Structure formats: C-alpha cells, structure tokens
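With chain X fixed as given, assemble chain P onto it according to the hints.
2 protein chains.
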Amino acid sequence: MSSERLIYLPLGGAGEIGMNAYVYGYGPENEERLILVDLGVTFSDMETSPGVDLIFPDLTWLMANKHRLEAIFITHGHEDHVGAVGHFWEQLGAPVYARAFTAALARHKMADRGQPEEVVKTVSAWPEVTKAGPFSVGFLPVSHSIPESAGLVIDCPAGRVIHSGDFKLDETPVVGEPFDPELWADVCKDGVKALVCDSTNVFSTAPGRSEATVGPEIEKLILSAPQMIAATTFASNVARVKTLAEAGERAGRSICLMGRAMRRMIEAAIQTGVLDSFPKVISPEDARAVPRENLMLIVTGSQGERRAASAQLARGKYNGLTMKEGDMFLFSSKTIPGNERGVIRIMNQFSEMGVDIVDDANGHFHVSGHANRPDLERLQDIVKPQMVIPNHGEHRHLRAHAKLSNERGRASVLAVNGTMVDLTGDEPRVCGFVETGRTYLDGAIKIGALDGIVRDRIRMALNGHLIVTVILDEDDEPLGEAWCEMKGLPELGRSNAPLLEVLEEDLTQFLGRASEKTLTSDDKIEQELRRIARNTCNDEIGKKPEVTVIVSRMS
Amino acid sequence: MSSERLIYLPLGGAGEIGMNAYVYGYGPENEERLILVDLGVTFSDMETSPGVDLIFPDLTWLMANKHRLEAIFITHGHEDHVGAVGHFWEQLGAPVYARAFTAALARHKMADRGQPEEVVKTVSAWPEVTKAGPFSVGFLPVSHSIPESAGLVIDCPAGRVIHSGDFKLDETPVVGEPFDPELWADVCKDGVKALVCDSTNVFSTAPGRSEATVGPEIEKLILSAPQMIAATTFASNVARVKTLAEAGERAGRSICLMGRAMRRMIEAAIQTGVLDSFPKVISPEDARAVPRENLMLIVTGSQGERRAASAQLARGKYNGLTMKEGDMFLFSSKTIPGNERGVIRIMNQFSEMGVDIVDDANGHFHVSGHANRPDLERLQDIVKPQMVIPNHGEHRHLRAHAKLSNERGRASVLAVNGTMVDLTGDEPRVCGFVETGRTYLDGAIKIGALDGIVRDRIRMALNGHLIVTVILDEDDEPLGEAWCEMKGLPELGRSNAPLLEVLEEDLTQFLGRASEKTLTSDDKIEQELRRIARNTCNDEIGKKPEVTVIVSRMS
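Chains as they are written, first to last, in the numbering used here: chain X, 274 to 828; chain P, 274 to 828.
Chain X with its partners taken away, still in its complex shape (with noise of 0.2 Å):
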C-alpha cells in the first residue's frame, strides 16, 4: 500500500456562500503537492464588518506552503471563484488557469492590482487537460448563471474527482455550453472517487427550470408595458442580459446597457467568443432621444447595491437619463439574504416616482443558477461517485446535501472549512485541520476579521465615542480641567445639562482628590478616567460609551 495519499481541504466557500478556495493535494503526509480550485471573495455588510472593502478567505496556510502549490485553476469567472486572484497572485505565485471568458475576468482582476496577466493561462475545455504536479486537470463545461461555468475532472494516481464548480442542469442555457449529460457519463464512466458538489440549492425542491423558459415571459411583461422600462439583472449573467435585450428588441425596443460591470461583462463575452449574437445597443446620449415607449435600460444594481445604475435611476438621475410616472423597472433576479433592505429601499423610492416595479415574486421573471435537490440527485446518478462532498454551502447547506447523499447509498462528509479531508480510501476521512478564517480588505489593508479593528468600529457605532484628554505638569499635578470631546453621544443628559460639562467637572473632582500613586501611572488615571466617564455617562444618557483617555505629561 503506497503511503501518498490524496487531499481535500476547503479554505473557504465550506460554511458560507462566499469565498471559495479549495486545496486538494496528493503525494506523500504533508508534502502532498498542491492546486487550488477558485480564489474568490465575498462581501461585507454593516452588522459585521462595517467599512470593509472586500473580504477574503484566510490563505495563512496555503501561502505557507507556497513552495508545494502547483497551480491555480479557476471554474468560472464569478466575484465569489476568481475576485480574489489579483490581491494573493503575488503570495501564492502559481500560474492561474482558466477557460477564455473567465481568464479575460480573471485578467482584469490582476491588472487592476498591478499583477502581471500572463500568468492567467487560457485552457480549452475536456478533453484538454492540464499537468499540474500529480494532476491533471481538465474543465468539463456545465451551465451556470455566467459563460463558460466548468466542473473540473482532476485526475491523479489516487483517482478521479469531479469538482462540480457552481452548476445547474440546463440543456437550453441561451448562452454558453449546454448541460450534457451524455459527455458528463462518459467522462465518469471508469468510475469517480469523488463528488466535490455545489449545495447552494439544496433546499430547493423542485427541479431547476431552464433560462430559456425566462424569455417568452420577459416579452410579455415588455409588450405590457406603456411607457419606458429599465430591467436589471447580475452584470455577470450574460445569458439574462441577452435574454432580456432579445426580448426588449422582440417588443420593438431601443436596448441600453447601463452599468460598468454590465458593460465590462458583454465586452469580454464578445470578445472571448462566448456571445455570438446581442442585440443592436444604443447608447445613453442617443437613449435620450428615443421615445421612452420604444426604450429599454437593461442596468446594473440587482441587489440594491448603493452605487450601482439602479439606484441611482432610483434617486433620480442616471446618466441623464431619468424613470418617470407610469415607467416599469423590473428585478430579473433574486435578492440575496441580507440584501433586502437595499433593494426595498429602491423599490420605495421607485414608488414615489410612479414608476410600477415588477419582482419574482410570481416565478416567471428569473430562475437560479445553481442545481436543486433533484438536480443533485441526479448528477450523482450521472457521475455514480464513491463519496460525495458538499462545497459552496452554508453549513445547513453542506449538512443536508451530506444526509441526502447518504440517503442515496453514498459515503460523505461535512466538511467546513479548515477541515483536511482524506480521499484516497473507500470514504472520506477527515485527517486534520488547518487555521481559517476571514482576511478583511479595508481601503489598502489586509486585516484580520478577528484583530479587534473592526470590533473597535463596531462598538463606537452603537456605542459612541468619548476622548478625555488630561494634562499633567512636571510634579505631576493636573494642569487645568479634564477635557472632554465626543463623537456620536447625545449633547444633554438626563439631568438637562450639557454632557461635556458633567463630564469635566466629574472628572475633574476625581483628579483633584487623586493620590500621588494614581497621578503618577499613566495606567492607573486611564483607569480611573475611564470607569468614572463611563459612569457619569450612564447616569446621564443611560450609555457606557467607548472612551479614549490621553494623559499628557509636561515633564
């Protein structure tokens, strides 16, 4: 029995929809050679990472172990699998592979970070493969919500494993590859050791509908329409905006994209070959002077993102370019959880225009990108692994697709990020973990989500701030008052007098009577200062807030 042995081993994306980075290795104990599947980011929000630019995973680990990492190959082209190529290419130094579309993306993250873009090699798709140390790898096309979305066939000496990538089984995808079940049997058909399986939609219970049944629907809804209508989806979901043009043009409209990520998108599509055919695309200036019932905006801001086209149209004017009374703006997606808030707050403002919006909520506007239960149940039918691993899941997600996959007779494992996983047996058995976690982009930084930084923001959010700076002279005696500054605290109190006041003469009292020990510890009088203000502020204002003390000393 050989002592090489093969690994898997999740950085993020194993516990969140977000992120995602898996390690799988093989050779012998801890000096298995490495890839990395997918280097993407997610993104923050004001309950826990307020002010945070873009958030990574942990890749202390990997970039430990630079020296065993082979390559890095990238599934699609998605902000979640390829956002975080540009700010680690340079940690890590693996060459980067991808299929056309996604290495163009892929690119323009490295440019836009300095980083050199041939290092993003263009593959083709299976039966092409790529010698990356023990393993070969190949990308198997699937559909998706992007172009050009692949599951990758990685072969080494321990076996075969399909990594499915973000997938759904649509064999009328509008844009990009077809699902083909015939190639994806063939390719499995010697026998897969594992399954590494998109959960997204495991709780779906309905198989998953086909982009092309969008379309005729989306017509409809056009020809309904009296006046302009603009109609947002993801910028990254070529096939949507092609459906949506395609049927804006089929009802007699002028088709606008609007949105620098749309734009950016459909450019790379037509350039990389993966979109053929697009509808005739008129710009902003000459939209002006279309009638606004023979135009359409197809725009940017699907998850009510604050900068984005739509809501800016939602505030009042996007290049020059205004929705009026009797207008239409239709949501040709999902709101992501967590994400309600922003695109009701569009919906709202759009209301007080008079504009009528039109959403999901019937089912007929958008369909999923990602598989559903009986779509998982069948790739497994399809590709008959030995194990399946659920990826690209919250833990609910992973935990569910683990049972049902056990449900249907096959080895699996619950697999959160950090969990090193051992494949090279007959089920999948965990072996080690690794440290992860979340590294912030905040403005140029990378910090660490747990360095106390942001929890110091967090708490002067609910908190509010409070500075007491004191002076002390050369023997040590206060030189003045107490003097205090805030920032987010209330200016009177309960007692109707100003706050800064109390304050200062609380504080100053306190320093009066101060002993010589306290006055000569800097320690000490931070101490002190800070239980009293916080004291006083309760007393006050029924808050403790975060208080900065400055003892400065004139010796």
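Don't read these hints as lab results, they were simulated from the structure. All of these numbers come straight from a predicted model, not from anything done at the bench. A portion of the hints provided could be inaccurate.
Put simply, identical chains are the same to the list, so a pair is met inside one copy or across any two.
To be verified - Pairs of lysine-lysine residues, derived as DSBU-like cross-links and limited to a Cα-Cα distance of at most 35 Å, are as follows: (1) Lys-607 to Lys-676; (2) Lys-816 to Lys-590; (3) Lys-719 to Lys-404; (4) Lys-597 to Lys-607; (5) Lys-817 to Lys-719; (6) Lys-607 to Lys-339; (7) Lys-597 to Lys-797; (8) Lys-590 to Lys-817; (9) Lys-553 to Lys-394; (10) Lys-597 to Lys-553; (11) Lys-817 to Lys-493; (12) Lys-816 to Lys-719; (13) Lys-607 to Lys-493; (14) Lys-493 to Lys-553; (15) Lys-719 to Lys-607; (16) Lys-817 to Lys-797; (17) Lys-462 to Lys-394; (18) Lys-719 to Lys-394; (19) Lys-797 to Lys-816; (20) Lys-719 to Lys-339.
Frame of chain X; chain P shown alone:
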C-alpha cells in the same frame, strides 16, 4: 355648508411598516379636536441606526397641539401600535382607551416608564362607544395575529370612518373573535365615508389562510420528530403559541414556554380572559427531567434576536436546557425583511449541533396575520366606503392599495406620514403637510434621527476614528510633538511603518512650519491638522478616517 372639517393625518406607519400613529380631527380648520389612533415603535438596525434602542414617530406637531387632543385609542397590542405609549404619554396627556388584553399590555408599557397605569381605560367591544370631543369611537372585533385586535368605528358629524387596524379575515382564528362579516356589514350599512385600511399584504395574491389550518400540520411534524422539538413564533401570537402547545400535547409532549416576553403575553391573555384554555406547561427546571422525546419547548426569538431564547439555545444553553443532535427546531413564523442574517445565523448554529431545522418554506407551518389582496377586496365589498385611505405600509404598498381601490371604483389617496387629508367631501383632498420624521431612543435620551449623532457613529464605523492632540505654550508655540490615538484603524500602513508614527511625524512637521496666523487660531489648526491627517491616512491605508483634533493651550 359648515366650515368644520374631518381630517386624517398619519404621523407614523404610512410609508413604512412600523411605528403607527394616526391622527383624526374634526372642527373648524386648524382648531379641529383631535384623537390619536395607535402609538407604536419600530426597531433599529445596524445600517441606519446603530446603537439606537427604539424608534418612535416624531410627534412634535402633536405635542404642539396637545391642548386639542381628546384621547388615544389603541387598536391592538403589537409593539408597532402600543410600544411608545409609555414614552410619550407625559407629553400628550390624553386618556388611553383599549380593550382588556391590549389595555393590560399598555399598562405594562406605562409602568415600565414610570407612568400612571390608571390613565389606560379598558373599554368593551362594539356596540359600546367612547366619546372623545366631537368623536365617538367603537372597537369592532377583527381577527389578527394577536388577540382582541379591533377595527375602529369613528363617528363624527362629518360621517363614519372605519379604521381597519391590522387585520385578516379569519373565521376560525383559534384564539379570539372570528371575523364576523354580518356584524361588519351591519355597522357599515348606513354608509361609510372612508375606510382607512392595512396595506401590508397587498402584494399577496392568494386569499389568506386561517390559523386553524396550521395545527394539524404542526402535529404531524411533531409526531415525526424522534427527539426533542423546539418551536419559535412571535411571543404576541397567542393563537400560534396555543396552536403549538396543543399540537405538542396531542403528540404526547410536555410543554415548556421559554422567554420572558412569551410568558408575559400568555399570562396577560389568561388574566384578561382572552385565553380560556391552554395546555399544562412545565418549568424549565422540570423540563430537564423529562425524556427528550417527550418534550417540546416553545420559545421566543423567531426573528433571530440575539438575546432571545432561540438565539441562546443556538449558542449553547438556555435555562439549563440544550439542543442536541437529532433534535428539531421549527420556525413557525415568517422572517421580516431585514432580519434574514440573524435568522440564518441561528439556523447554521443549530445545524452545527446536528439539529434539524424546519421553516415555513413549504407554507405549512405559518399563516400571515394580515389581509391579502383578495381579502382587501372583500373588505371593501363589505364596508362599501366612499373612499379608501391605505395605511400600514411602505410607499409601494400604499401605492398598490390605492391603485387597487381606484380600479374598484373607489376614491383613494396616497397619504404618507405628514400628509393631512380632508375627508369631508366626496373625495379625499390633501389639505396640508406637517413635518414628521423619526425620534430615536438612544439609551435614556430621545434624539432626532437627523441630529447628526447617529450619522457620526455610522461614519466612525465605516472610517475609523483618529484623535490628534496638540499642546501650545503661552507664546502659541507647539509644546512637544503632535500626539495621535486611533480606534478602528490598522496599526501598519503601506510603508510598513506604524501608522501613528507616520502621522505624528507629518503633523509635527506641519506644526514646525506653521505661521503665527495659523497657530493663534484653533479653527485653522484644527482644519489643517485634519486635512493632513486624512491625506496621510489615505496614502498609508487607503482610507480617510473621522478626525477629532484637540488643541490645548497653556495660556
């Protein structure tokens, strides 16, 4: 023609779902005698109101006109209708009328704020009426998700107004009075001037389902649970708590209620007679001795609230009880938009424990307490009002409800908070605008939403906070160097030097070359130091923090 008029003026609840407060007036223009219907709160969120404890409507206008206020009527006991009574009664000073159960809750609210409980008067249902100046007001029973909800029959010389309150058309509501179409038709048979009507579910196109449909499904679910089951719903949904408890009892389970709000609510319901039978409940202490497969917990926290029983169970232990592998947790509730993250957090925590989560995705375990679109139509057909004034909704709900009313041949108006509507004529007529907004309870202090206090807190959360102190001697010369402290900012910048050192160097350099004109002016020093500090931060960390400059002078 009389110069007296009947006006309607929403101060909260029209343009949002929450903090309901509706004024009606009758009399000569600007001398109308007033009544207030409902006095509720809404809840803060991290995005718009971090650290805020409760949100109230801005009642400045009403307080300025308190001499005209005859009475306050509370339709039902939900927080968004009664939650602000204790906070504003002192400034309004009018008697508060409610039915027995609601009055019991209102008295709790008064007592919680040290206000006199006896100003809350218990009234009986229609045909009893309460005189309040030119008004006579009766409580017309209607079904909702809390017992004893009532529509109001508001009579004055200008005619009869029906204020629906929150309602659904449930003829088998489990607890409380069924909706009685004959009674409503009888009350309305001599003509109704205006129906002021709940708009919450105007986008739900199927008729609402009865509370009675939920019990059998829940019983089946409980029978399928191999181990302990815990279920959560709104504490105030007494009917659902009863439905859950009875289903549990029928399935052979001992019932334990957990969470202060839920116990308080059930006690009030029993004491006021709205709940005449309820399964025997056991204490958490006794529950620990019951075999898990015979136990059912009913707990607070259906919206993921961090301090509620469900969240505490999800984190580990509550009242000595823990959830374990194989247990089941049921959300017999709907997630209010904006609360998704909190609910999902709990779901994943339970998943980590191996607890099976059941929610209302299939629609079997929850029904809404609000009238759906067909129910709104049915109510219009029963009440046959001259006009319909939509309330209790965001702008988009009010707009859709007004449109629906117009389509059915009834006059309507979209009146958001602050819009004064004259109901005297045949059609509603906007006759004025009053300044409205939100008042925050922040700790113990009421602050205005636009005071800038919360805005500063949000800015600190997004940008961090830098404090710069300088000391100037008697000659306005800098004494020592500039001193910086920071909160919520990274320690190292792009140059890999400590950010504070780089800042102090830049700021001290500036002080060294500053002109006398600058050094003698606190404003100028502040302005310059802030500018330099923000630029240095931008260079070093790609972020411009909030900056507080403290200038101390020895003079």
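Against the structure, the hints:
1. Lys-607 to Lys-676: both (27 Å within a copy, 26 Å between copies)
2. Lys-816 to Lys-590: Answer is between: at 28 Å across copies they meet the 35 Å cutoff, but 41 Å inside does not.
3. Lys-719 to Lys-404: within (32 Å within a copy, 66 Å between copies)
4. Lys-597 to Lys-607: Result: close both inside a copy and across copies, 24 Å intra and 34 Å inter.
5. Lys-817 to Lys-719: both (30 Å within a copy, 16 Å between copies)
6. Lys-607 to Lys-339: For Lys-607 and Lys-339, the Cα distance exceeds 35 Å both inside one copy (38 Å) and across copies (47 Å).
7. Lys-597 to Lys-797: Neither: 63 Å inside a copy, 46 Å across copies.
8. Lys-590 to Lys-817: Classified as between; 28 Å across copies, 43 Å inside a copy.
9. Lys-553 to Lys-394: within (31 Å within a copy, 69 Å between copies)
10. Lys-597 to Lys-553: within (25 Å within a copy, 59 Å between copies)
11. Lys-817 to Lys-493: neither (58 Å within a copy, 49 Å between copies)
12. Lys-816 to Lys-719: For Lys-816 and Lys-719, the Cα distance is within 35 Å both inside one copy (32 Å) and across copies (12 Å).
13. Lys-607 to Lys-493: both (20 Å within a copy, 32 Å between copies)
14. Lys-493 to Lys-553: within (20 Å within a copy, 57 Å between copies)
15. Lys-719 to Lys-607: Within one copy only: 31 Å inside a chain, 38 Å across chains, cut-off 35 Å.
16. Lys-817 to Lys-797: both (19 Å within a copy, 32 Å between copies)
17. Lys-462 to Lys-394: within (29 Å within a copy, 78 Å between copies)
18. Lys-719 to Lys-394: Within one copy, since 27 Å is at most 35 Å while 60 Å is not.
19. Lys-797 to Lys-816: both (23 Å within a copy, 33 Å between copies)
20. Lys-719 to Lys-339: Answer is within; shortest intra-copy Cα gap is 19 Å, inter-copy 56 Å.
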